[in-house]
Every structure is written in C-alpha cells, then in structure tokens.
Amino acid sequence: MAFLFPPWSNTAVRVALASLLLGGASAVAAPMIYIRSDWSSGESEAQVQPVQFDHRHHYQDDAMDCRYCHNTVEESATAGMPSVGKCMGCHGQIWNDSPQLAPVRESYFSGRPIRWRRVHNVPDFVYFNHAIHVNKGVGCVTCHGRVDQMASVRQSAPLTMQWCLDCHRAPEPHLRPLSAITDMTWSPGGGGDEVGRGVAEALNVQHLMHCTTCHR
Amino acid sequence: MAEPLILGEPSDRELSEQLLSVVWRPRSRLWLLAFAAASAGTGLFFLCAAITVSTGIGVFGNNIPVAWAFDIINFVWWVGIGHAGTFISAILLLLEQKWRTSINRFAEGMTLFAVIQAAMYPLLHLGRPWFGYWLVPYPSTLDVWPQFRSALPWDAAAIATYFTVSLLFWYVGLIPDFASLRDRAPGKARRVLYGIFALGWRGSTRQLTHYRVLYGLLAGLATPLVISVHSIVSSDFAMGLTPGWHATIFPPFFVAGAIFSGFAMVLTLLLPVRRMFGLENVVTQRHIGALAKMILVTAWIVIGSYIIEFFAAWYSGSEVESYQFFVARPTAPGAGVFWVQMVCNALVPQLLWSRRVRESGVALWIISVLVNVGMWAERYVIIVLSLQREFLPAQWGDFSPSWVDIGLFTGTLGFFSLLFLIFLRLFPFIPVSEVKELNHELRKGHG
Amino acid sequence: MKLLGAGLALAGIPGCNVSRVEGILPYIEEPREVTAGVPRFYATSLELDGFATGVLVQSVAGRPTKVDGNPDHPASLGASGVLEQASVLGLYDPSRARGMREGKEPTSWEAVVKRFGGARADRGAGLRFLLLPQSSPLVGDLVGRIVARHPEARFTFHAPALSDAPWEGAEMAFGRRLSPQRDVAAARAILSLDADFLAGMPFSLRYARQFAERRRTPSPASEMNRLYVVETALSPTGSMADHRFARRPGEVARFAAAVVAELGVLRAAEGAAGAAEEVAGGVAGSLAGGVAGSVPEGVRAVLMRLRAAEGAERGLAQAIARDLAAGPGEGLVIAGDRQRPEVHALAHLANALLGSRKAAWTTESPLIQARAAQQSLSDLVGDLRAGRVETLVVIEANPSYAGPPELGLSEAIRAARESIYLGHHENETAADCRWFVPMAHSLESWGDARAWDGTLSTVQPLLQPLFGGRTAGELLAVFAGEMYPEARRLLEDAARRRYQGEGFGRWWAEVLRRGTVAGSALPRVEAELDEVGLVEALTRLAVRFETVRAARAAPTASGDSADATVETVTDEVVEVAFTPCARVHDGRFANNAWLQELPDPVTKLTWDNAALISPAMARRLGVENEQVVELSLGGRSVRAPVLVSPGHADGAVTVHLGYGRRGAEVIAEGVGFDAYPLRQGEVAAAEGMVIRRVEGERHALAITQEHWSTHGRPIALSATLEAYRKEPAFTASQKGRLPTLLPEPRRAGEQWAMTIDTSICTGCSSCVVACQAENNVHVVGKEQVRKSREMHWLRIDTYYSGAVEAPEVVHQPMLCQHCEKAPCEYVCPTNATVHSPDGLNEMVYNRCVGTRFCSNNCPYKVRRFNFFDYPERGPLNDELVRLQRNPEVTVRERGVMEKCTYCVQRIRKTGIQARVEGRDIQPGEVVTACQQACPTGAIQFGSLSHTGEKVVTWREEPRSYAVLHELGTRPRTMYLARIHNPNPEIG
Amino acid sequence: MKADLLAEFETPEALLAAVEELYRRGYRVLDAFTPYPVHGLEQALRLPRSKLPWLVLPFALGGGGGCYGLQAYLNGWDYPLDVGGRPPHSAPSFVPISFEMMVLATALMGVLIFFALCKLPELHHPIFEVEGFAGASQDRFWLGIDGRDPALKRGTTEALLASLGASRVAWTGETAKAAETSEAVKKPTEAAEEVPGAVTKEEPS
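Residue numbers (this note's numbering), protein chains in the order written: chain Z, 1 to 216; chain P, 1 to 447; chain E, 1 to 987; chain R, 1 to 205.
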C-alpha cells in the first residue's frame, strides 16, 4: 500500500515542532529585548528644540555653571527651566540680532513662552526630586551624561526602574563631593569607590529602596 | 459485582468500529442544535469579556466589601469540576478500578475544558488584565518580582501545571487511538490529520514498555497534583482573615467538594451522551452506579466539612465567626443561596442511597445537575456571604450581580459546551485501545 | 485608546504615556516669590451668609489646589469645615457660568456698565438690590455710596438658611439686635437648645475646638464638661451629648422654659438663703436685672407661670438646672437657629441667671444694615408685583429657588422691568433675570468680610477670574457711579480711608499676609436685660403653652395620641423641621461633587436628601428606607424618600434644604427633592404637616453605612467617666503584644503613627473632604456609591448603642490603620502593597494589577478600588476639575487599589527638606490633611520617636486601644475610647 | 530493532505463543505490534524495564528545588521587601509553587523523554507499507523480527511463522523488494477484507 506519510514528513514534522518552540521562545524574548533597547527608553534620541540651544557652547566656552540657568535644582524637585528673561539678560546685549535667537526674542516680546521639548521624562507616578540628589552628592553628569558635549541634549541613561534601583541599592560608586556636583569631567581619580564612600558617610546618604521613595 | 462493565461480548473489531466511528458518523440534529446554542453562549461570553476589558470590572456587580463575586465563584466552580477527570484517570488508575476505563477520556476532556473556563476568570477579573503577566517572575527592567507569599501566584502555578499535566495525560492516552484512527478513518484528510497527532505510533511492545511507565508516572504525578490544586485554590480563602474563610478545614473540604461536583458534571454530560451515541454496552449501569456512589461518598465528606465549619465557628468563641455562620449565612441578604447549597449538596444526594434512583437515568441526571447548582451555591456562600459580613458592621454590604456577571456565567457554560461538542465530534471520547484491552481481559477472565 | 495602551503595556512598558514627548513652558519673567515646584500659601477668607472664615490656600504653579484653615483667624483656628475644604472644587465647578449675557445674547462688562452705571432720574426709586447677608465693610461703603447717589434705592438681604431668630431673641432680651458670643471652653455644663453649635453654626469651628479643650480626659482623674442637647434629628452636636433629648421642634421651647424656670427658682432660693455669700453675690452682681440675688420680679413671675404650665419634665429640668448652675459661671445655654426668638431670649436669660460672663456675652451684629434703605423680602416682592421696580439687582442669592414659596419670587422677579444677576451659575434666579454676569469665586476675588465675632478678614485672589467673573463690590460700584470698578482698588481705597496713621502700605501688606486685622473683633456690649420685652415674650410663650395644654387635656378620650395607635396608619400629622444641609447648605453648593458625595455626618446619605423620621413613626406608617412619602403643608406637598433615623424625635419629620435644584448645574441636576415649597416664609419648623405613605413608590438612596451596631465587637469602645475612673484599664485587652511565631520585623527611622480620640470626634466629616482634596480622590456618582464603590480613603463609621430612640453614638474615623503586620500585604501577588522602613503601609498604584485580594483581607475595609476609569466618566472628574489635582499625588487609573497613605507625599516632602538641610524631621513637622482640617483636633499624627508629641502621649493614656486588636495586625492607628460624662442625677 | 519480517496473528494468544516458540528456537531480536498492551508480551520478548523514571528524576528534583531557590532568591535576597512583617525567606510559602513546578517539570520532561525513547514523532516508517499492517491498531496482532537476528533465515522463517498460525507474513521496505524473487510464503486469505474502509458499516445497536 502507499505510504500515508512520505519519508520527508519525519524531517518536516521535527522542524515544525522545533520552530514552534523557538517561535514561542522568541515571542517571549522579543519584548524583553525591546524594552532594554534605546528604541524603548528613548535614549540617545536627540530632540529637535524650537531654539537650537547649544549646551557645549554655554558650558565649555562661557564656563557657565549648570545652576545659572537651572537655578532651583538645589531647593526644588524640579531643576527649573530658565525664563526667557534670563536668556535675554545676556542676549539682549550680545548676539541680539542673531537669527538663531529669533524665537527667544519673539517669546520675550510677545509674552508667549517657548515650548521646549522635554528630554528626560519619567512616568507620572514617579516623583523624582532633584534637590535631594544634588544635595547628597549625585552629580548632574551621573544621570544626564556629558551634556557639555551635546549639540542638542539627548537622554543618556535608560531611566528604567532597574537603573534607578541599581544606584539606590549601592549609591557609593556614583557619589562625588558637593563641590563637584556640576562638574562634567570630575572623576574620583585613584580614590575609586573610597571617595564615594567618604561622601556617603559625610552626607549620611541612605539606601532608599522602599516604594514610596519614588511612588506616591 | 453483578453488573458487567461491557455488555455483550463484542469483538475487538466491533469495538473499534463502534467507538472510532463517532468521529465520522453524520452529525445528528440534536448535536447541531446543541452546537448552535453553545456557539451563541460562546459569543455572549466573549462579548461580555470584551466589555469587561474595555471598560473596567465596574461592569461586574463587585464592590467593596464584596470585591470577589461571580468572577471567583465561577473560577472555583470550574476548577472544582475540572477535578473529576484527573481523579478518574489518575487515582482510579492507581487504585486499579476497572470501571474507570470507559469514562476516563470523557472525564479528562471535561477537565480540560473546565480548566480552560476556570483559567479565564482570574485574568478577566483583574483590574488591569494587561499586566497579568506580572505574576510570573520574568527578568523585568522594573527589577520587581512577584510576591510568592500570596496564594495567588500559587494559584497561577497550580492552574498552569494542572492544565498542562492534564493535557499531556489526555494526549498521551489518545496516541494509540489516534493511530487507530490514522489506520481506520475514512478519507485521506482525516487520516493525515489523525496521523500527525498519532506521531507515527506503531503500538510496538518496545514503545509500550515506555508508554506504560510514562502513563503510570503521569498518573502518579497527577494524583498529588489534583489534591494540591484545590488545596491551593482553597488557600485563596483559607489564608485570608475573613470570617468564613479563615479555616484549616478548607483544603480537604475543597478537594472533596471538587470531586463531588466533578463527578456530578461527568454524570450530567455522560448520561445524555451515552444515550445519543448508543454507548450503553460500554458505559453500563455499573459505571453509572459507581459514579453515583462516589457522589454519595463525597457528599458525606462535604457534609462533614460543613459540620466542622459550623462547629469550629462556635468553638472558636469568636463572635465574628459565630455571627458569620449562625446569623449571616442563614439570614443575611443572599441567604437563599445558602439554603440552596444545603438542600442540593446535603439532602439531594441522599436519594442516591436508593438503588432505584441510581438506576434511573433521569433521576440521576436531575440529581447531578442539582449537585452542580449546589456547589455553585456553596462557592457563592463562601465568597459573597462571607465578604458581606466581615469584622466592621459599618462596612457590611451586599451584592447583586450585573447583567455582565450573568452573561459571563451563561456564556461560559456555552463556551464549555462548545468545546465539549467539538471534542465529541473530533476525538474518540471512549478510549478504544483501553476498552479493547479491558474487553480482552474480561473475556479471558470469563473464559 | 485604552486597548492601544494595553498593547504597549504588554510590550513591557510599565507606564501609560503613549506619547513620550512633553512640552516644557518656562516663565517669560520669573516671579520673584515663586520657586518652580514649590507650592505657596496665601491667606484669604471664605464667606458664608455674611460670616467669614479665614483660610490658607495652597497654590501650585498658579492653581489653587487646597484650602485649609488659617490658624491666625478666630473663626478657624487652623481648622476647616466641609464647606471650606470643598470650596476649592467650587472654583473648578464645570457648570460655572462662563459668560455675560443680555437676554440670550452674549454681552460685555462695558455694556453692563453703560446700561446700569448711569444717573437715574427717579432718585433710584425703581432700583432694588437683593443680596445675601453681608458683613463686608467694603459692601457697606458701597451701599452707602449708592444710597447717596440714588436715595430711593432699596436693599434686601436674604439667605434662606440664616435665621433672624438670634437677633430677634436678643431684641426681646435686651431690646437690641445683638449677636450672642460664646466661649465654650469656659463652660463646664452646656445646654444646647436645638443648636448644632459644634458643626452647623457660624463660628462652629471655634466652638468645636473650645468644646474639645474641656472634653478631653488625658487621664481618668481629669475633669470634663457635660453636654445636654435637646433637638429633633440627631446632629453632630447631639451625637456628642452626654444627655440627649429627642423633642419635636415645637417642644424645645417648653423644655427650655422648664429648665430656665428651674434656674430662676434656684437663683431665687440662693439669693434668699445666701445673699451674704461671696459666690452668690458675684452671681447676683452679674445679673442684669439689678435685684440683688434675685431675678427681676416680673421675669420671675412669668418664669413661675411657665413652670406651672410645663410640669411634665420638672425633675429632669431641675437636674439640668442644678448642673448648669453647679460651677460658678460655668454653665452655658445655646439656642439654635431653628428655634423661635423666644427660645433665644430664654437662652440669654439663662446665661444671665448663670452669671456666665466668660462663656456668654453679646456684641453688635457684624452684619451690615442699610438702615432706612433696607427693605424686607416681602416688601420687595410687593414692589415687584406692583410694577414699582425699574431695575432689580440680584447678587449671589437664589430667591427663585430658595425664596419663601408663598411670595412667588420667580414670577415676581420676572415682573421687574430690568433685572441683572451676578452669580456663579446660570441657576433658577439667573433664568428669571435678563442680564447675567458671572461672579468671581472667592478665590478669584478681592474683598473683605467679618467673622461672627466681627474680626475683619481679607479676601484676596489666587488667580485671575477663570471666566471673567466680577465681584459683588465691582457690580455695586457700577451703581455707585464708577466707570471702571476694580475690586482690588476698591478694597484698598476703602481700607486706606479707614486706616488711621502712618505706613498704610506696610500695614496693608501685613494684613493681607495674615488674612485678618488683628484685634478687630467687635467689643463686648454690656447689655442689660430688658425686663419689659422679656416678660412680654415669655408671657406669649406661657399663654401658648397653657392653650396647648388645655387643648390637649380636653379631648383625651378621643385618643389621638400617636403612641396609642398600634396598627399601622397611612398618614399622620406631624411637625416638620427644615434644616440647611451640612453638605450643600441652602442649595448653593449642590453642584459641588465632593459635597454631594460626602456622606452626611449623621445619616451617611449621599447624593440625596430624605425625610428623616423616627423608627417608631416608620413602624406606624409601615415604611422603611427608600419608601416614598408625601409631605403636605399649607396646601403644598412634595414627595420624598424616607430615611429612618435613630434618635429622631417621634412625631416630627426633618427635611434637608438645598436639593431638587432646577438650574443649569449639571451635577446638582436631579439630585434629591426640593423641600422649600413646604416652607412658609422663613420658618425653620412648623406644625400640622401631613406625612402620607405613597404606595409602591420607592426612591433609591445611596447610603454608605447600613449597619449601626458594633454587635459587641471591640471596635468602638466607650465608657462613662465614672466607669473609667473605677477601671482605667478597661481597654487593656485591646492592646499590647500578642504571641507570634514570626520574628520581629526590622524597622528604622521615624515610625509614623496616628492616634484618634473618639471622645472629641463630632463626625463633622471635614477630614473626609480634606483627604479627598489632598489625595485626588475621585468622585464616583450616586450609582457607584449605591454599589458601595465610593473612593473615600477616610470614612467616619458611626456606631449606635442603647435604645434606638435615644442611642449613644461613637464616631470612628476609619482609615488605613497602617498595620505593622498588614494582612493586605502578604496576599498581594505583585508586591504592590508593602511596608516601608518607617512604618507605612505603602500602596504602589503602578504595580497594582487589581486582584482585590488585599481589600478582601483587610479587616478594616479601608481599601478602595477603581472599578472604572472615573476621570473619564462624566462631569464629576472633568477637565476643569483636573486643575485642582495635587501634583504630588498620582491620579489613579482604573483597575488599581488605593487607600490612605498617611499623606506620604507630605512625609516624603518634609523628609527631603529635612535631609537637604541636614537635620531630622522635627516633631509636629508632618501634618496629615485630616489632622489639619479637624476642628476639634481629634486626629494626631507623628512619629513614635517624637515622644513628647500628642500622638505618642495619647497612646499612653489608659483608654487607648487598637481596633480588632485580637487579629494581630498591630495597627499603627490607635483610638482613644469615647468617654461620656452623664449626670448621675439623671437616669 | 528494525522489524524486517512481519507476521500477522488473529489473537493475542496466538501471538504470545508464536513469540515463545520463536524465542525457544533462538530468535532474539523480536518485537510485537498490538492494538493494546498484551499481558505477558513484555516478559515473552524479554524486554528490559524502561529507563524513563531514572531519566526524569533529575528534572523533577531540579524543577522543585530550582523553583524553591528562585523564590527564595527573588523574595528574600534580590529585592527583599517588608511584606506584612514576614521574614524575607518565608519558607512555608514557597513550598506550594515548588511542588507545582516539580510536577510540571516532571510531566513535561517525562513526555519529551518518552518521545525520545520511542523516537517519536516518526510519521513515516517503512513498516506502514506492509499490507494489512493497519490492523495492528485495530484487531490484529503483529510480530516483527529484525533482519539482523542471527536466527532469521529467509525462506524458512516465513514458513515457521505460517506454521505458528500467522495469517500473513511480509517483509518490509527494501527487504521486501529484495524478497520479491524469493519464495516468500504469502497467505492470500481474506486479504481484500483487511483493507481498511472496506468493512461494511455496522451501526451499533
């Protein structure tokens, strides 16, 4: 009698079974990989801002401290965005006819605020407080990266809960003296983790891992 | 044992013919009608499920304090029903009860479909079902894990395991019959289909040595499993503080209740199917009688548990517990359900003492349906009545179901029936190979 | 949209932000006083029927988000009531009128000024103003300016919920319309004559605080005050009473007369026996009558007549009188607004007899009077009907809805040739007026007002009017001839004119900062009892009693007494009491969703009003809750659902005013029934109402508590002071360590805890609204409340014990107990509710999948579940309402559990502040919203490590206990058992 | 085992007798194909006990133990949260899931190992070409002899089988083609009736 199943069917059914298993596994793995990718976290994705503000120039060439513009960072949850008036404080005198600054002037005189695009965004249920981090030895560069080297600012850390927790579990390697908070190039040098441990001790840095630290 | 397990002395060929042909015999009008009704029920179920997921579980009647209601009642009810299949397949196999043979596949199928119904509810009843996977420990960027002290991850693990093991058990048992169908079914398409599922089974004795060990192994695993599953389901309640839940009797009480309702459901389904497919020769009065006696036995375990529950409530000296059992249950809103439970679970099964009742198909069928009603009522009483009357009288509440609750319940009956009707059409629901083996054994015994 | 969110969520994104890019809008110029992300607080005042309560308003990025009491203000002392707490939601009321109109056409302010600002040929003879009662000096100025410009103009002040009885009573007693003032803390024994002085009167917040001062018993040896309340329906004050007498409204006067008569007898005896005694001499000296050691002869005579007329309760009256008079000048009698002026006169007399100079005195009324230009409401209606009114100006009052029904105000207003309405909503009166100008909310206004004691309070805005609203002052200024009235300038000019001395600018800045003018309370008026007036009033009362008594004595055979009937009847003739609702007041707050959803402090009814009747009457009528009855009085009738109310006087029905609104307010629409049509004039109570069962008609009520007995469970403990002294440790079995197999959990740092004294909880519920405002608690609507899905994190459980006719009451604020061994935590499958090292039971909404197991396992049932996406459902949590949200608290989406967090956002904010400053959190630095609002200070919060704080010392009192202690949950919230102080002379 | 020579018997008893006889005559590499397990056949064929239980055991232990370890690690070590004041390592709570996972691992691996031991799935097999072999899943009992069996002799074995009552004797696959020329004994009895589907339908009574 004729075979119901030809000889190749053995291979076929085994390959089919294998791909079924593999497919299932990848369906589980794919989102896990995706969530860890830049694509999901928005890392390294530069935002096009209404004004081509260049942090490189202001930080490096003009040697302005981060806190000159982000002036509430030490006392408030938010670091603060400079008012247009602050921009005009300088740019009323210098580069006051630069076409790049046209939107700033327009905003200043019309009273309509500039709509900056947020680069670092955490979900609404996360309550990040700049003041406590800055006052406990976490430098700007630690989370925001080398803003002084960015033509336009991009997110340089994944901002996932895991990333937050990693530091909250063991903050010492990420701490620096308060004098170097806004320093983009500071490094512990030969001190290694010793420096961070010293800072942690001096500032009484806690390991806060309970939920309401961030979620309220 | 007076009554035979197989009537007449059919030959292997006659048995093959009779039992395999269920998959290709033309559909009866009755089946088509039932199928249409079941499809409508299935549609209703998925409609209600879609409404629930898209607008929120506020469409249920649930509230605070009655935060669980139809959703969990249905879940526990179906899981309970799902216990009969594995009990018949595994425990009776280990106990070498020959009467299990004709009905085990049928009961296993029922188990699978009941567990499918059950498994949908925990997901559906979540406030945010799209995060249901958070009960599984997977490497997440949140770095947060499930909380394994809760009985709910236990539940998830138990139901998943129970479903998988039941499916494997059922499938392994089906392999020889698939092979039979591959070789016997009319039409090439059918034979290819069944052939794929038969995986090339040849029935060689070498394969059979492994097969029998595997089957025994699965039965050995399924036996503690079936007991663990409803014990774990009972911890959803027993681990809680709620008066009426917080009782150590719950695990055995639930397991007994599960088997009680499972056997009743087997009878509910088996009696009409036996009639419809003319299977009186392989599913004999002896099978039916054995099932009826099992129901009677488990009914008494359940009755015993009720007595212990009430006794413990009184003996605890706790006003809260006493109030729950002696005042709230017989008189609070929804107390009618309590009386339904008592009548259906404690009184009705006593009819089974009578041989005449055990031999009457109609009476048995009505009793089996009432037992299932009673078991549903029992879960209602445990869940809703307990939650209605908790510690603080200021927060006592009541419960009335919404149309979505009712839709989801009737819908699930339809969906279950649909799966079952499809099963009846596509699978040899009496295990052919095993019946032939038993037939051979019996004839040898006689001869 | 939701499904799309679900799809993304499945990919593992824990949030719901579909679009990741948000805009950031910086300031153009940074305001000096604002630090981005740091809220600011401003002092202002809220006015109700003319009386100001000072508040501090929190402003976040320019939006007011929370109102709390102003500690510097005498009417608040830092506390706030439900109306103050809910006022911020009124600002974001979705039904607020958004534009001016003439007829149906939109119009402009300029057009209003042009039309109404001009000179009048008729000297203002056709000009009429109808306002709510006002105490604002600014309004007073403007009224004067208008009268100067239009001498024939007339002003009417009318508020349906503000009775004139206190002033009429004062006129009887003193011959002058004086305001009664009280210091409840100075009284050891208090008799309330139908006065809900702890929650339902102007200045209640202050009275409640004062009452609590003398009420708390820090140790069994402490003394405490004693409160007698005679009233019709149970009120928060009645629930605090040591002896409460349920009487029909009409019986209160007899009760009062009986007690005062006994006081008179007592004083007379004292005067005769011990004139030489110093104490008696002191008392006698305080008596205004001038007859040493005795009562003015005429008054004494009429008192004796009253005593003779009212003999039934003499023993009781004697006991109360003796107790009131027991301490020198420590008795206080307070009469309620609902009572006729004679009762107020009796109260004045009683206080005079008691010599309670420290506890009771009088001042001039802070309400402004237009003197000759003032007109009564009925005269105004007469003018309107006679066509004498050219221009009618209605400001905020809503007479078309709440005016006396027999006057037919709606129709009358339409008869005015020209009418303009300044109000918050397009309500019933707005519909009758041709012109409409939206009114600025208090939080958008400049203005001033006086508190009950006359303290000047400022009203300053926190934001520009959202819908171009105008203030009363601005509209009045138009009639005073101003072309460009601006509230701020009007206020400052008026203040400057009154200010004498140098440095107005600095002084004014300080006034605005504090919200009050220090020392501006009205001076005490040493009024003498007016014997003639008093005798006349009391004689009237006596005649009435005698007539009633005679009438009752004659036909006893007919057996019309209701108690005699055994079988049920279909109708009954009863007395009716009209009460402003604790939640919507006279109806003006009916569109405030928080207030509608707030359970009534006593009945726990939400989203409705009802006819409150006694259980006995319910039995006679064969009705139960939700059964509809018809109430008929004076030819008018309304239908209302019944609510059986324990402790309600038999033979009387209480109805709450303020419902059944017919305006354009979407939230108020269709809520409750309108009881105003039953009212004649301004009466607060009437006899001869017929209540009739309407067969087969029911009206569903949403009540948040249905069971009122503790069933003997150790939940809400109480004892008499005597028993407490005998057995101080009566709660000992309800606290302390229980055996456990588990190791002690390790916890470090501050250990947050709460202690609540049920002895001084009046059940007023302002904590409930405060919590709602602070924590973005959603409103769910009547249908959801009926399904017990209300979201309040803090509720007040009320338990009754004893006879259903005269129950003893314990109010128990119930919120998350923050159990140290929380049963909710170990049943959560996802770690969404866990414990913090500082002892908080944390609820992480974003981790919650919504199994609701935690709620099932919470013995206190304090967890609330988002059954729907409430913000997306209807106007209750609408767009505008979102502006109120506290940015420090996550707005919960559907499907997640929520509960009290001990205001963790405040704890964390304070903690961060302290740590930035390199210090520890100071004792008292963290205050929860409920604690902040509580008028009596019954809620104390803090860390167990702050040993001197009340939260800790209170727990060490013998009467502290943990609810359901035997479960071993070790709650961090502890309660102090309620202590009663019954008079041993009274059974 | 490769069943090269096949013989069909009508009853299990005949098959059993044939196996015993063949064994007696020195045949060692035998197998049988039956519609259901025939009592005594395994012993007659001298088949060893299945190794399956031993192969599954490590997975059972690993599944249960690993699962317990995972729970203890995740809840007690990796992110120990204070849950209701319970200790981070709450041993009793971790038991139920560990048990379930032990069962799950055992069952899944048991089936997989069973497939591996039986070399399933194997949809195509030369044996299926044998005329009438379909009966092996219905009501016929087949005996198979490996071509490598030292006792097997082309020609004589067929006759032997026939003499033992085989209703049919056939070679499989390649060997069958090779045997075309030999004088394979074929009993053509009832061949037509053995074809599946040719049986007339009988409705059960």
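Hints are not guaranteed to be accurate.
Said to hold, decoys possible - List time: in silico DSSO-like cross-link candidates among lysine-lysine, alpha-carbon distance up to 27 angstroms:
| # | chain 1 | residue 1 | chain 2 | residue 2 |
| --- | --- | --- | --- | --- |
| 1 | P | LYS188 | R | LYS119 |
| 2 | Z | LYS136 | E | LYS950 |
| 3 | R | LYS2 | R | LYS119 |
| 4 | R | LYS51 | R | LYS119 |
| 5 | P | LYS98 | P | LYS293 |
| 6 | E | LYS950 | E | LYS726 |
Bear in mind the hints are in silico, worked out from the structure with no lab data behind them.
Quiz item: So which hints don't hold here, by number, going up?
Solution: 2
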